[in-house]
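**Student:** Next come the chains, spelled out residue by residue.
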Amino acid sequence: DTGVSQDPRHKITKRGQNVTFRCDPISEHNRLYWYRQTLGQGPEFLTYFQNEAQLEKSRLLSDRFSAERPKGSFSTLEIQRTEQGDSAMYLCASSLASTGELFFGEGSRLTVL
Amino acid sequence: KQEVTQIPAALSVPEGENLVLNCSFTDSAIYNLQWFRQDPGKGLTSLLLIQSSQREQTSGRLNASLDKSSGRSTLYIAASQPGDSATYLCAAPTGANNLFFGTGTRLTVIP
Chain A
1 DTGVSQDPRH
11 KITKRGQNVT
21 FRCDPISEHN
31 RLYWYRQTLG
41 QGPEFLTYFQ
51 NEAQLEKSRL
61 LSDRFSAERP
71 KGSFSTLEIQ
81 RTEQGDSAMY
91 LCASSLASTG
101 ELFFGEGSRL
111 TVL
Chain B
1 KQEVTQIPAA
11 LSVPEGENLV
21 LNCSFTDSAI
31 YNLQWFRQDP
41 GKGLTSLLLI
51 QSSQREQTSG
61 RLNASLDKSS
71 GRSTLYIAAS
81 QPGDSATYLC
91 AAPTGANNLF
101 FGTGTRLTVI
111 P
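Chains as they are written, first to last, in the numbering used here: chain A, 1 to 113; chain B, 1 to 111.
If you are wondering where the hints come from, they were derived from the structure by calculation, not from laboratory data. Note that the Cβ used here is the ideal one computed from N, Cα and C, for glycine as well. Where hints are given, some of them may not hold.
[To be verified] Straight-line Cα separation of at most 20 angstroms, PhoX-like style, residue types lysine-lysine; simulated pairs:
# : chain 1 : residue 1 : chain 2 : residue 2
1 : B       : K1        : A       : K57
2 : A       : K57       : A       : K71
3 : A       : K11       : B       : K42
4 : B       : K1        : B       : K68
[What the hints assert, rightly or not] A few chain A residues that face chain B, going by a derived Cβ cut-off under 8 angstroms, partial list only:
#  : residue
5  : G40
6  : Q41
7  : G42
8  : P43
9  : G100
10 : L102
11 : F103
12 : F104
13 : G105
14 : E106
15 : G107
Whole structure, please, built from the sequences with the hints as guidance.
**Tutor:** Below, the structure written as structure tokens:
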């Protein structure tokens with residue numbers, strides 16, 4: 001078990017470009033979460049999947065953000081037409097529904113110039 | 001909406017001291033409570049998970065307690081070490097769906 005992995009770890013992009021992050025959860029975990037964290041703050045919930053179904057989305061998730069988990073395994077988070085305010089660490093976590101204990105990846109840091 | 005508060009925001013202690021970190025939450029109908037550690041620029045590492053029916057959990061030098069009725073949890077670290085320096089976060093979900101995090105306590109253990 002290699003834990004939750006995220007790719008890329010760092011992304012620098014220009015305003016207006018699209019970016020995509022990938023998350024590979026712990027293999028037997030059926031729940032997958034995306035969070036966003038800015039400096040000095042705790043993580044903020046964005047969205048979560050149970051298997052391939054996206055069950056909840058935060059109001060923080062504007063129309064420019066979309067997340068998928070097509071086969072109930074890995075997930076992608078895409079941000080279209082990036083803005084400077086999107087600069088943050090994007091964290092992925094997974095869990096078993098039976099325990100609820102979350103395990104996080106190392107995060108993908110986005111810098112929008 | 002659940003609100004989670006952690007006090008103090010920052011704490012500096014000499015090596016070897018025992019310490020307590022506090023976490024309070026406004027909605028006591030929590031599913032569980034989880035404590036995490038975060039090193040600068042890194043993701044979160046799970047330390048302890050307390051289910052809503054439990055009152056405490058222990059792992060090595062760490063002990064976490066939960067009092068749902070008062071909306072409080074504490075993380076006790078015994079015999080602190082410089083390697084314990086990190087930000088400690090608590091999270092308290094009100095359903096199985098997501099966690100509400102505090103802003104964390106930044107701990108520095110001075111050798």
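**Student:** Tell me, in ascending order, the numbers of any earlier hints that this structure violates.
**Tutor:** Nothing - there is no hint that the structure violates, so all of them hold.
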